[in-house]
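All chains, full assembly: derive it from the sequences and hints.
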Amino acid sequence: MTGHIIRWVDELDDRALPHAGSKIARLGALRRWGVQVPDGFVVTTDAYTRFMDETGVLNEVDTILSEISDMTNSAQIADVCGRARSAIERQPMPQTVADALIHAYDELSYRDRNLNVPVAVRSSATGEDAQDASFAGQFDTFLGVTGSGSLRTSVQRCWASLFSDRAVAYRMESGLDHRESSMAVGVLELVDARASGVAFSIHPVSGNPHRLVVEGSWGWGEAVVQGLVTPDHIEVGKSDRRVLNYRIAQKTVVSAFDYTKGRVAQHAMPRRMQSEAILNGEELQAVVEAVLAIEARYGHPVDVEWVIDRSRRPGDPVTIVQTRPVTVAAAEEPPTWDPVRYAAKYAFGNRA
Amino acid sequence: MANIVSVDEYVRDAGYPGFKPEYGYTPWATEPVRTFRKEDEKRFWFMDFHWPNGLSPMGLVFLQDGYSWGTQWAAQNLPLPSGKGITQRLGGTHVYASEVPVESAWEAGFRAARIEENLSEFLPSFPRIWARRVWELETALTHFERFDFRHKNLADLDQNLRDARVFQRRAWEIHFEMMYPLLANYLAFYGVCGELKIDPVEISKFLQGYDTKILQCDRELWKLTAAARTAGIGRIFAANEPENLYRALRNDARASGWLETFDAFLGTYGWRTEGISDINLAPWTEDPTSPLGTIKTFLLKDEDHDFETARTAAVEEREASIDAARSKLTKEEQVQFDGALRSCQHANFAWWNDEHNYYIDLRATIPLRRACLAVAEAVGAGRRDDTLFLFWPELRQLASGIKKWSTFASIVRDRRQYYEHWRARRPQMPKVLGTIPNAVTDPILTEIFGMHHHFFNAMKAEGRPLSTLSGVAAAAGTVRGRARVLHSAQDLHRIEPGEVLICEATSPNWTPAFAKIAACVCDGGGTLTHASIISREYRIPCVVGVGLATQTIQDGDEVEVNGTQGRVTVFRRSA
Chain A
1 MTGHIIRWVD ELDDRALPHA GSKIARLGAL RRWGVQVPDG FVVTTDAYTR FMDETGVLNE
61 VDTILSEISD MTNSAQIADV CGRARSAIER QPMPQTVADA LIHAYDELSY RDRNLNVPVA
121 VRSSATGEDA QDASFAGQFD TFLGVTGSGS LRTSVQRCWA SLFSDRAVAY RMESGLDHRE
181 SSMAVGVLEL VDARASGVAF SIHPVSGNPH RLVVEGSWGW GEAVVQGLVT PDHIEVGKSD
241 RRVLNYRIAQ KTVVSAFDYT KGRVAQHAMP RRMQSEAILN GEELQAVVEA VLAIEARYGH
301 PVDVEWVIDR SRRPGDPVTI VQTRPVTVAA AEEPPTWDPV RYAAKYAFGN RA
Chain B
353 MANIVSVDEY VRDAGYPGFK PEYGYTPWAT EPVRTFRKED EKRFWFMDFH WPNGLSPMGL
413 VFLQDGYSWG TQWAAQNLPL PSGKGITQRL GGTHVYASEV PVESAWEAGF RAARIEENLS
473 EFLPSFPRIW ARRVWELETA LTHFERFDFR HKNLADLDQN LRDARVFQRR AWEIHFEMMY
533 PLLANYLAFY GVCGELKIDP VEISKFLQGY DTKILQCDRE LWKLTAAART AGIGRIFAAN
593 EPENLYRALR NDARASGWLE TFDAFLGTYG WRTEGISDIN LAPWTEDPTS PLGTIKTFLL
653 KDEDHDFETA RTAAVEEREA SIDAARSKLT KEEQVQFDGA LRSCQHANFA WWNDEHNYYI
713 DLRATIPLRR ACLAVAEAVG AGRRDDTLFL FWPELRQLAS GIKKWSTFAS IVRDRRQYYE
773 HWRARRPQMP KVLGTIPNAV TDPILTEIFG MHHHFFNAMK AEGRPLSTLS GVAAAAGTVR
833 GRARVLHSAQ DLHRIEPGEV LICEATSPNW TPAFAKIAAC VCDGGGTLTH ASIISREYRI
893 PCVVGVGLAT QTIQDGDEVE VNGTQGRVTV FRRSA
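As they're listed, the protein sequences go chains A and B.
Per the numbering used here, the very first residue in the first sequence carries number 1; after that it's consecutive.
Per the numbering used here, the very first residue in the second sequence carries number 353; after that it's consecutive.
Simulated from the structure, these hints should not be mistaken for lab results.
Just so we're clear, the structure is a prediction, and the values are computed from it rather than from any experiment.
Check the hints yourself; a few may be wrong.
In the BS3-like style, the derived pairs of lysine-lysine whose C-alpha atoms are separated by at most 25 Å in a straight line are [unchecked claim]:
{"id": "1", "chain 1": "B", "residue 1": "Lys683", "chain 2": "A", "residue 2": "Lys345"}
{"id": "2", "chain 1": "B", "residue 1": "Lys653", "chain 2": "B", "residue 2": "Lys565"}
{"id": "3", "chain 1": "B", "residue 1": "Lys372", "chain 2": "B", "residue 2": "Lys653"}
{"id": "4", "chain 1": "A", "residue 1": "Lys345", "chain 2": "B", "residue 2": "Lys868"}
{"id": "5", "chain 1": "B", "residue 1": "Lys575", "chain 2": "B", "residue 2": "Lys868"}
{"id": "6", "chain 1": "A", "residue 1": "Lys345", "chain 2": "B", "residue 2": "Lys549"}
{"id": "7", "chain 1": "B", "residue 1": "Lys868", "chain 2": "B", "residue 2": "Lys653"}
Covered by chain A, according to a simulated footprint, are these stretches of chain B (three or more residues, beta-carbon under 8 Å) [said to hold, decoys possible]:
{"id": "8", "stretch": "386 to 396"}
{"id": "9", "stretch": "416 to 427"}
All residues carry an ideal CB built from backbone N, CA and C; glycine is no exception.
Here you go:
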């Protein structure tokens, strides 16, 4: 039975989505295509189901949630959901699940010849990002978790995040049954990030299909993804990989490992690093290569989270830790120069 | 939300003494020039900056033949999709203009379809078309400029008068026939650059550095300067005011050789006035004060202006800005940009906007002026330019011998007073009349007069104190200084070094001021008007198309001009 509780990334591909959630299933698919992704495993949706059913905490959560009478009362929702999450986090895992988890973590540590290898614990919901972005960013991620104790806690917190205020409200408004929702949790080796960020294979704002955008900062990508830091912004022409514009930002916050807290946390950026470009030409081209290869494989625009490993040397691949279909509608083909059309638009009074 | 500025005062004004409404009408234009009527309040009228002195009665012929007929004829032939050209009204002697709208939705669509065909043919053929028009202009100008007024009887002079009017009209038909499509192409290019996120201040650099007849004239003036130095007559220039220079040079034997060269120069470049199409302005051939004054200023400099170096620098800057802009574009965007740029280089509005002044704006009214002056002399008028204060039908009666000069002597005196009265009133007159819109459709209004959205915002805010004005960013840089508000070139000498020039618009004779001022702000204009181009050459910040700068800012105000972003801020009011 343990085979269903844990699956390894190197066993997965897109068909694994129902067990592994889209985030981790996609990492498996990428790995099969030759993209460098972190090693790790997923605590499957089956494990979640067993936890919720065998311990009876599902019924407890049901009861708590039924107290919501007024969908517009955010204070009530916050209170009820908070109690539901606490119930989940307090509940000890069934022994089989706990054992499988610890066994997998030991295996991962061994693969890395490491004691208590630091990991990223990432929720991977089955509804998340599948076709739309409604669930994106609603569930939790924990970086820099070490040791089986913290790992168990983190996994349960991820399960509990299925009952965040937003997620619950969303399901209620959309008429979805929380019993139908399920959560897989990825446990991935934490890549020691010198720099990380996101990349879009088309322009995320204009939809221009001939430009790609790379954004990033020093350290881990959490600060960028959560919008805590203004990242460097780079635009590249896709046909010839030419750098069109590199806008260096004043990066004032960095996600870095805090050994006193035992996890990745936000810190003030050292002054000299604030206005320094985070990627050199070779690293940038490596990120560009990766995102274009992924777009080509999927056959549609994508965005990715990339990491430059501290130990990376020129020519080494870039590590991809997440990929999603892009949610911006692609623009039409850029118009060619047509003096008549442009004169009609700009010369004869159609401007504000 | 419409603001309405009343036209009542101008409806009540009877116009020039002895004015009859039929004197102003041209039946064949789409909409003729006339005096104000109350219903004009429903439309938007703006004061045209080209005639700071106002127009004399004969000056109104230009409005009919050049401005109304020219724009309207061109608008019908291109055709402009949503407008039928421009018409005018008179506020005293001053010109208010408005676009003639296309009211019918069907007609607008029909015109849009027709211009598609015509514009696609015009743009690639432009060099050939312009060459033919230049041939027309040169052929006609040669006839008039070589016309021998001696030994001519009144009938000959009457014929010359009629011929000169015919020519002026033809010259201005050509003017707008070229200007509308070139401008449309330029604005289209400007729009493409905007979509490609190219900095607007860079765009005019892409089209700079091509030689024009106006630049050639400037070069000749510098050659004359060098020749004056060599001839050792610099002291004559230093010792005399520009108005007295020609006489002083004639009286000095040392200058005779130089004067011969100067006279030859006038033969080619001297058929030129210090303002566009104003029959009341004497050309350089009649009064060389301006070129001699310019040479006088040039002599004060240690070195002659190095045109070769300046031209090379302009070309280098052009190529560098094009390269810089292209480097930020994807390959696909480059294809689009390159196509647009090539089209504009081939049908180059920036180049033509300067070049055509040599044939048309500064020159095509001179034959009519000379014709009028010749008639005045022949009939024994009191002052040599008295005939400029007759309306065309009256002048024809005079020139065909039907009436004698004595009939008109007194009314001409009255009209001169009317002219002077309104010349003095101009600074206080409203810049706009009627109903203020949110936008206009005629590209000439947009680009030449600078009527972008901030222009209309400024108009609508009039009355409320504005500390920040917006306009077109014409020349980059930010500078702060004391404002000097000027309403004509006559007060140019009052500018102190480091001041910020605030004016309706500038023209070539304002150029000497640019060596002194710290920045320039204009009510009207766009990136290719004189103030913009000269400011960029002199590397001083410039903002144009502000709308109400001359009315909002006062002499002595402390202002900051941000030419990179197109903003003017008033920091401190003068007492």
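Cross-check of the supplied hints:
For the suggested pair B:Lys683 and A:Lys345, the alpha carbons sit about 23 Å apart, so the restraint of at most 25 Å is met. A distance of roughly 24 Å separates the Cα atoms of B:Lys653 and B:Lys565; the hinted pair therefore holds under the 25 Å criterion. The suggested pairing of B:Lys372 with B:Lys653 is violated, with an alpha-carbon distance near 53 Å, which exceeds 25 Å. For the proposed pair A:Lys345 and B:Lys868, the alpha carbon gap of about 40 Å is over 25 Å, so the pair is violated.
About 23 Å separates the Cα atoms of B:Lys575 and B:Lys868, which keeps this hinted pair within 25 Å; it holds. Annotation: proposed proximity of A:Lys345 to B:Lys549 holds, straight-line Cα distance about 16 Å (limit 25 Å). As the CA atoms of B:Lys868 and B:Lys653 are separated by approximately 13 Å, the hinted pair is consistent with the 25 Å bound. Using a Cβ-Cβ cut-off of 8 Å, 0 residues of the stretch 386 to 396 of chain B lie near chain A, which falls short of the minimum of three, so the contact claim is violated.
Given as covered by chain A, the stretch 416 to 427 of chain B fails the check, having 0 residues with a CB less than 8 Å from a CB of that chain where 3 are the minimum.
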